[in-house]
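S.K.: Here is how the chains run, residue by residue.
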Amino acid sequence: MRAILLRLVGAIPTLFGVVLVTFLLTRVLPGDTATYFAGPTASPESIAQIRTSLGLDRPLPEQFWRYLVDLGHGDLGMSLTTGQPVKTELVNRLPASAELTLCGLLLAIGIAVPLGVLAAVRQGSLIDHACRVVATAGVSLPVFFTGLLLVYVFYFLLGWSPAPLGRLDAFASAPKQHTGFYLVDTLWAGDFETFRAAAAQIILPAGTLALFALAPIARITRASMLAVLGSEFIRTARASGLSGPTVVLTYALRNALLPVVTVLGMVFSFLLGANVLVEKVFAWPGIGSYAIEALIASDYAPVQGFVLTMAVLYVLLNLAIDLVNRAIDPRARRGA
Amino acid sequence: MSAVLRVQDLSVAFHTRGGVVRALDRVGFSLGAGETMALVGESGSGKSVTAYAIMGLLEAAGRVTGGQAWLGETDLLAADLSRIRGRRVAMIFQNPRAALNPIRAVGAQIADVLRRHGGASRFNAGARAIEALRAVGIPDPARRAKAYPFELSGGMCQRVMIAIAVAANPELLIADEPTTGLDVTTQAVVMDLIQAMAARTGMATILITHDLALAAERAQRIAVMHAGHVVEEADTATLLAQPRHPYTARLIAATPTAAGSLDDLQSVPGGLPDLRRDDTPPCRYAARCERRLASCDGALSVRALAPGHQVACTNPLEAAA
Amino acid sequence: MSAAQTSTFAHARYVLGENPVTLIAALLFAGYAAMAVLGPAIAPYDPLASDTMRALQAPTWAHVFGTDQLGRDILSRVIVAARVDLGIALASVVLVFAAGGLAGLAAGFFGGWVDAVVGRIADTIMAFPLFVLAMGIVAALGNTIPNIVLATAIINFPLYARVARAETMTRREAGFVDAARLSGHRDGALLVLQVLPNIMPIMVVQMSLTMGYAILNAAGLSFIGLGVRPPTAEWGIMVAEGAGFIVSGEWWIALFPGATLMLAVFCFNLLGDGLRDIADPRRRT
Numbered sequence: 009m010r011a012i013l014l015r016l017v018g019a020i021p022t023l024f025g026v027v028l029v030t031f032l033l034t035r036v037l038p039g040d041t042a043t044y045f046a047g048p049t050a051s052p053e054s055i056a057q058i059r060t061s062l063g064l065d066r067p068l069p070e071q072f073w074r075y076l077v078d079l080g081h082g083d084l085g086m087s088l089t090t091g092q093p094v095k096t097e098l099v100n101r102l103p104a105s106a107e108l109t110l111c112g113l114l115l116a117i118g119i120a121v122p123l124g125v126l127a128a129v130r131q132g133s134l135i136d137h138a139c140r141v142v143a144t145a146g147v148s149l150p151v152f153f154t155g156l157l158l159v160y161v162f163y164f165l166l167g168w169s170p171a172p173l174g175r176l177d178a179f180a181s182a183p184k185q186h187t188g189f190y191l192v193d194t195l196w197a198g199d200f201e202t203f204r205a206a207a208a209q210i211i212l213p214a215g216t217l218a219l220f221a222l223a224p225i226a227r228i229t230r231a232s233m234l235a236v237l238g239s240e241f242i243r244t245a246r247a248s249g250l251s252g253p254t255v256v257l258t259y260a261l262r263n264a265l266l267p268v269v270t271v272l273g274m275v276f277s278f279l280l281g282a283n284v285l286v287e288k289v290f291a292w293p294g295i296g297s298y299a300i301e302a303l304i305a306s307d308y309a310p311v312q313g314f315v316l317t318m319a320v321l322y323v324l325l326n327l328a329i330d331l332v333n334r335a336i337d338p339r340a341r342r343g344a
Numbered sequence: 009m010s011a012v013l014r015v016q017d018l019s020v021a022f023h024t025r026g027g028v029v030r031a032l033d034r035v036g037f038s039l040g041a042g043e044t045m046a047l048v049g050e051s052g053s054g055k056s057v058t059a060y061a062i063m064g065l066l067e068a069a070g071r072v073t074g075g076q077a078w079l080g081e082t083d084l085l086a087a088d089l090s091r092i093r094g095r096r097v098a099m100i101f102q103n104p105r106a107a108l109n110p111i112r113a114v115g116a117q118i119a120d121v122l123r124r125h126g127g128a129s130r131f132n133a134g135a136r137a138i139e140a141l142r143a144v145g146i147p148d149p150a151r152r153a154k155a156y157p158f159e160l161s162g163g164m165c166q167r168v169m170i171a172i173a174v175a176a177n178p179e180l181l182i183a184d185e186p187t188t189g190l191d192v193t194t195q196a197v198v199m200d201l202i203q204a205m206a207a208r209t210g211m212a213t214i215l216i217t218h219d220l221a222l223a224a225e226r227a228q229r230i231a232v233m234h235a236g237h238v239v240e241e242a243d244t245a246t247l248l249a250q251p252r253h254p255y256t257a258r259l260i261a262a263t264p265t266a267a268g269s270l271d272d273l274q275s276v277p278g279g280l281p282d283l284r285r286d287d288t289p290p291c292r293y294a295a296r297c298e299r300r301l302a303s304c305d306g307a308l309s310v311r312a313l314a315p316g317h318q319v320a321c322t323n324p325l326e327a328a329a
Numbered sequence: 003m004s005a006a007q008t009s010t011f012a013h014a015r016y017v018l019g020e021n022p023v024t025l026i027a028a029l030l031f032a033g034y035a036a037m038a039v040l041g042p043a044i045a046p047y048d049p050l051a052s053d054t055m056r057a058l059q060a061p062t063w064a065h066v067f068g069t070d071q072l073g074r075d076i077l078s079r080v081i082v083a084a085r086v087d088l089g090i091a092l093a094s095v096v097l098v099f100a101a102g103g104l105a106g107l108a109a110g111f112f113g114g115w116v117d118a119v120v121g122r123i124a125d126t127i128m129a130f131p132l133f134v135l136a137m138g139i140v141a142a143l144g145n146t147i148p149n150i151v152l153a154t155a156i157i158n159f160p161l162y163a164r165v166a167r168a169e170t171m172t173r174r175e176a177g178f179v180d181a182a183r184l185s186g187h188r189d190g191a192l193l194v195l196q197v198l199p200n201i202m203p204i205m206v207v208q209m210s211l212t213m214g215y216a217i218l219n220a221a222g223l224s225f226i227g228l229g230v231r232p233p234t235a236e237w238g239i240m241v242a243e244g245a246g247f248i249v250s251g252e253w254w255i256a257l258f259p260g261a262t263l264m265l266a267v268f269c270f271n272l273l274g275d276g277l278r279d280i281a282d283p284r285r286r287t
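Residue numbers (our numbering), protein chains in the order written: chain D, 9 to 344; chain X, 9 to 329; chain F, 3 to 287.
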């Protein structure tokens, strides 16, 4: 427990760095921020007034302090286009993005880990070659393009999927919100009809993300399984006559998962980025498409809020990965 | 005397990028119940490969290309080894800490083997693992059972390995350099423990070592290996007193003894031959040998010089008077 | 020296012979390079000339890749776009090669506070999801192509700095730098003369491996409307323009630029793997 707290404290400098960078990004906006906020028809007086009200006439450290104070109050500024506080919009849209990313990740892990394990156990076999092709081809896929391909095949050609327009089709109504995850909330309400509708909507975007995340996970699973299978303690386990499944699953896989879990950090970095593109392709109402809309409209507060949210999420995810590692590896648990 | 293990003409080849390595060539020896035999040789001489071939643990590139290995009435090269490994033949390794699963408590690792072979149930495996730890002399076994390998000393880890190996009362224990990397006092303790376990259960032991002095101290019989051949096999006293193969004699001269001075030590000249070549000579020691004759390039046969004393040499040393 | 070169060539030939995939990747690369260099000269039509009479035509012999919603020839646009996409990627990789490589070199060579500062910067960048950081940078600095290049370089900085640092440390510990210092070379001269040439091969491999990622990143940014703007032909934008037509079945508008993009990334990844095998035989998989 103390170790977990220490790790949390250890994340503070990283979080500070993230906040600082985000702040700096807001201050290097092209041109004069106040002029921009005032709009094209503003008089010099109103620009000066806005500058004062935004605190842009103060020295940078003081501006940073005020930025921190605002953040402490959860204030991420207002969106110019929607007139809503950025925080409200992000909080409303976050579950959609989180549900999509998690579904994509789970799908990828569910396919990639068994694939990597089989490839390592049957080295040189057909499945091994398949795994290597997937690992090389997968990292080359532009997600926005594979997403479109899937839409073309499964929506236009085969007609199996609903139109790629968000989380639910027009005829279904959103479930009562508990977690914000439609797949969970519909089950919670016992509404299987809507659950099926939500699942039908999410399967293509989640599949697109999974295709993308599959490659690094399969690659590292295969490599780390191969390394572990060649290690001395596996030889001991075999020499002790332990059964094949015990050797592969209890002895080899648990050890092989350590590097896999570590690599998940990198996979998340890619996934959170890919998520933005996939949300655009599938008109997914998450924080990614919110940021894109704002970007196009040169509405900067939402973009900065989005970048900060993503970065904080990513720091927290890395923290979670550390804790999972700790749960698997006694050396990390007890070691200094 | 009925043999626990009989190995005859065992040959093993490895298929590598650089060609086929004939790692073992017609290796043979046998071992009686309760007996301790040492396999001695330089690294790369094929001691460990012999053990792995018997256990069916050769890596994918290795193949048994000929010969036989019998454990009692069981043909080891044909049998389903998953029912034999750990139950009738067990093995311990050098570098015990790496030979144990780093993220599984040692008690659980012993329990895994007990459940597989020792008839232990999920409920009593834990308790029996603690008993096994006590039997190999680990103090406070109930607490140590929950420890991970990285929390134990090398000597402790080797005790755990021994507990795993003897869990199912095997007929044969193969100890592959069991004391390499341990400090000197621990080495003696570990060897004492192996011999005590062997004496108690009547299991035979193959001690694989590069250390002739250790073999002389612990084994009743010694088989000397060189480049995939067993060059000489005899009971320990005979082999040390009357080595007949030039390589054995060199090896003895290269081994420090309590009585001799360091100045008397001689290294064995030359290195192991390249076993990938098709023209590897019949006697693989020939290139290093000062007693080489023209007839050494002919077929190499194993000669019995006395009951239980074989040598693979065309021009053996004279027996000392 | 020449013996070493001969053996490198022999090794390269061996790797190419063993691994025909690398050879295919090298040929593909030559094709892309030709497209980028020759560009407009080999495009059959003017990539910007619209012809509404011919809008949205499926591939025909006259227009092998079909035409888009403005009647522009997609093949010509795909060819001309190569210079834009590869140019952005190459510029960013060269930039980060210089900046990240030097920073890593200095960090590994001097250690101490230099190492600490470079490490902190790299860690802070790595704390962001990289594509998201690139979005943020472009949004803040302005929606221009140079800023896309800069953003792509920045998100790759930690990777280059780390590789250069690790390689430099290895060389430094190998001792020959100390030997050179004893014989009177100054630090700057040591860095340039002794360390830099030694870490070059691994850095070049790194460049090839990150080219693919840089292309993906730049195309991704223009897909969401950053950087390159219509009507400029660029693969990411072309896919974005074709996206709206996918649901009505006009697949060719997005497919051809998308496939070209994918193949380019694939080609650079394979090439990087192959170069790594040549530069570092130990890491063969």
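Note that these hints are calculated values from the structure, not bench results.
Just to be clear, a hint being listed does not mean it is correct.
Said to hold, decoys possible - Covered stretches of chain D (chain F as the covering partner; in silico rule of three or more C-beta atoms under 8 angstroms from a C-beta of chain F):
| hint | region |
| --- | --- |
| 1 | 104-112 |
| 2 | 138-150 |
| 3 | 208-217 |
| 4 | 246-257 |
| 5 | 280-287 |
| 6 | 295-303 |
Only a predicted model underlies this, so the values are computations on that prediction, with no experimental measurement involved.
From the three backbone atoms N, C-alpha and C, an ideal C-beta is built for every residue, glycine too.
S.K.: Could you work out which of the previously given hints the structure breaks and list their numbers from low to high?
M.R.: Hints 1, 3 and 4 not satisfied by this model.
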